[in-house]
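Asker: Spelled out from the first residue to the last, the chains are:
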Amino acid sequence: MGFKHWNAGGYSGLRVLAEGLLGNKGWTPAWRDPAPKDSYDAVIIGGGGHGLSTAYYLAKNHGLTNIAVLEKGYLGGGNVGRNTTIVRANYFLPGNSEFYSHSLKLWEGLEQELNYNVMHSQRGLINLFHSDGQRDAFARRGNAMVNQGDDAVLLDRAGVRRMLPYLDFDNARFPIYGGLYHARGGTARHDAVAWGYARGADRLGVDLIQNCEVTGIDVEGGRVLGVQTTRGAIKARKVAMIVAGRSGQVAAMAGMRLPVESHILQAFVTEGLKPCIDHVISFGMGHFYISQSDKGGLVFGGDLDFYASYAQRGNLPMVEHVMEAGMALMPMIGRPKVLRSWGGIMDMTPDGSPIIDKTHIDGLFIDCGWNYGGFKAVPASGWCMAHLMATGESHEVARGFRLNRFETGHLLDEEGTGSQHNLH
Amino acid sequence: MRITCPHCGARDRREFYYLGAEDYLHRPAEDAAPAAWDAYLHLRDNPAGATRDLWYHEQGCGAWLLVTRNTVTHEILGVRAVDGEATE
Numbered sequence: 017m018g019f020k021h022w023n024a025g026g027y028s029g030l031r032v033l034a035e036g037l038l039g040n041k042g043w044t045p046a047w048r049d050p051a052p053k054d055s056y057d058a059v060i061i062g063g064g065g066h067g068l069s070t071a072y073y074l075a076k077n078h079g080l081t082n083i084a085v086l087e088k089g090y091l092g093g094g095n096v097g098r099n100t101t102i103v104r105a106n107y108f109l110p111g112n113s114e115f116y117s118h119s120l121k122l123w124e125g126l127e128q129e130l131n132y133n134v135m136h137s138q139r140g141l142i143n144l145f146h147s148d149g150q151r152d153a154f155a156r157r158g159n160a161m162v163n164q165g166d167d168a169v170l171l172d173r174a175g176v177r178r179m180l181p182y183l184d185f186d187n188a189r190f191p192i193y194g195g196l197y198h199a200r201g202g203t204a205r206h207d208a209v210a211w212g213y214a215r216g217a218d219r220l221g222v223d224l225i226q227n228c229e230v231t232g233i234d235v236e237g238g239r240v241l242g243v244q245t246t247r248g249a250i251k252a253r254k255v256a257m258i259v260a261g262r263s264g265q266v267a268a269m270a271g272m273r274l275p276v277e278s279h280i281l282q283a284f285v286t287e288g289l290k291p292c293i294d295h296v297i298s299f300g301m302g303h304f305y306i307s308q309s310d311k312g313g314l315v316f317g318g319d320l321d322f323y324a325s326y327a328q329r330g331n332l333p334m335v336e337h338v339m340e341a342g343m344a345l346m347p348m349i350g351r352p353k354v355l356r357s358w359g360g361i362m363d364m365t366p367d368g369s370p371i372i373d374k375t376h377i378d379g380l381f382i383d384c385g386w387n388y389g390g391f392k393a394v395p396a397s398g399w400c401m402a403h404l405m406a407t408g409e410s411h412e413v414a415r416g417f418r419l420n421r422f423e424t425g426h427l428l429d430e431e432g433t434g435s436q437h438n439l440h
Numbered sequence: 020m021r022i023t024c025p026h027c028g029a030r031d032r033r034e035f036y037y038l039g040a041e042d043y044l045h046r047p048a049e050d051a052a053p054a055a056w057d058a059y060l061h062l063r064d065n066p067a068g069a070t071r072d073l074w075y076h077e078q079g080c081g082a083w084l085l086v087t088r089n090t091v092t093h094e095i096l097g098v099r100a101v102d103g104e105a106t107e
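Going down the list, the sequences are from chains B and R.
So in the numbering used here, spot 91 of the first sequence is number 107, and the numbers just go up one at a time.
So in the numbering used here, spot 87 of the second sequence is number 106, and the numbers just go up one at a time.
Hints are computed from structural coordinates only; laboratory data are not their basis.
Virtual Cβ for every residue (Gly too), placed ideally from N, Cα, C.
Worth double-checking, as some hints may not be accurate.
Said to hold, decoys possible - Between beta-carbon pairs, the in silico distance windows are:
1) R/His45 x B/Asn163: 38 to 46 Å
2) B/Ala249 x R/Tyr59: 31 to 39 Å
3) R/Pro53 x B/Pro291: 52 to 60 Å
4) R/Cys27 x B/Ser55: 54 to 62 Å
Said to hold, decoys possible - Okay, the calculated bits of chain R under chain B, using three or more residues with CB under 8 Å as the criterion:
5) 31-37
6) 88-94
Let's have the full structure, built from the sequences with the hints guiding it.
Answerer: Rendered as structure tokens:
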């Protein structure tokens with residue numbers, strides 16, 4: 017029987033059934049493990065979510081398949097595997113809102129596109145507000161979202177209570193006035209997003225090269241010629257730096273200084289519980305947000321530790337702050353035990369918005385500055401970065417993400433907190 | 020994490036406010052080119068390893084401190100008051 021044919025095909029329920037009946041002996045690795053070639057048309061530094069999606073869309077949308085993704089560790093081992101998995105399109109500023117709107121639309125078709133179950137769950141996101149002024153700000157944000165073509169509903173207190181009866185509505189200091197409900201917001205399985213894009217890119221012919229650290233970027237006469245790596249030199253006329261928290265070090269190899277400071281952001285997960293939190297909820301009076309994973313753990317996080325760090329672990333004051341904020345908002349979570357906490361390295365920009373742009377070096381591109389909102393951007397970031405690398409022009413939904421906007425004053429400061437890296 | 024303030028001794032991290040890299044000490048002249056202001060406000064070396072940054076002893080003596088730290092290990096390597104003497 018043609019079970020080799022099954023293996024060559026995609027994933028499906030029928031295949032799971034067939035493999036189950038045959039002892040699951042037909043599964044093969046989801047991607048190849050090629051040795052690096054001497055040269056490629058384009059090389060992407062960084063095998064995280066953004067790098068893998070860029071590779072996928074370069075191959076899929078632009079027919080560029082002679083490309084490689086170089087990853088110093090293993091695919092998806094950085095922030096794409098360390099985030100709190102929230103997917104939303106609730107931005108306010110022109111420049112941001114069309115980008116995240118485009119990203120959410122890509123999310124909505126991602127599983128079919130990649131033939132991979134990324135467990136995208138549009139369970140709805142509710143941002144709570146706690147004062148009249150905050151209600152006005154959220155009403156304005158909701159209108160901006162609706163004008164962008166996305167969904168937003170302003171809930172009053174009774175409306176929130178119907179959906180989230182377990183909140184502490186009458187907290188003496190932070191009573192709940194209502195919430196902004198974004199029904200298409202939700203979560204996805206973070207690792208699966210990296211794996212889905214990796215498998216998709218590999219199937220289109222992209223070489224995914226792991227344990228391959230870039231140690232130098234070759235530039236001559238203002239033009240990029242390739243990279244030096246721990247697995248030898250690789251020539252390429254196009255090189256993309258997509259390395260999130262490590263952007264400063266990689267860009268320094270090309271003599272660049274970036275508007276980026278790397279900070280630590282912690283996240284937490286509790287032991288598994290029966291389903292109790294059906295949505296993604298954010299507290300409006302302390303930096304705290306929470307959802308429940310499909311395994312049952314409560315996944316939550318808060319603010320940065322506020323000082324520059326590459327440690328991938330945080331300090332106790334922020335742990336205490338996050339727990340206090342959670343208890344102020346929903347005292348019912350006081351009983352579960354926290355199983356794990358961890359930290360990711362956030363590439364913080366002075367306006368809290370990202371960069372997808374060319375550099376002053378011909379053929380060298382950069383995609384960075386995702387602050388702590390990079391996960392939901394993975395599809396559109398790759399889409400727009402691939403467009404830029406293939407056509408030389410910024411994609412229409414990413415035109416605001418210019419590298420020189422800080423010098424020219426065209427900031428995209430979504431929260432209006434000023435040009436300090438850790439305040440976004 | 021504890022920071023040894025030259026005036027107050029070793030104190031909990033929560034007493035201090037982090038501003039950013041030591042670049043903030045090098046304010047350009049008012050008539051400097053936009054590129055100088057861009058470098059001052061936005062561009063950072065952002066090292067993985069030893070760095071120097073500015074902290075304010077907000078809940079202590081109110082001094083601005085220049086702290087030498089390792090961004091990978093969180094080890095504090097030295098602290099001095101801005102315009103002051105080194106303590107370590």
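Asker: Please name the hints from earlier in the document that this structure breaks, with their numbers sorted from lowest to highest.
Answerer: Violated hints: none at all, because every hint is consistent with the structure.
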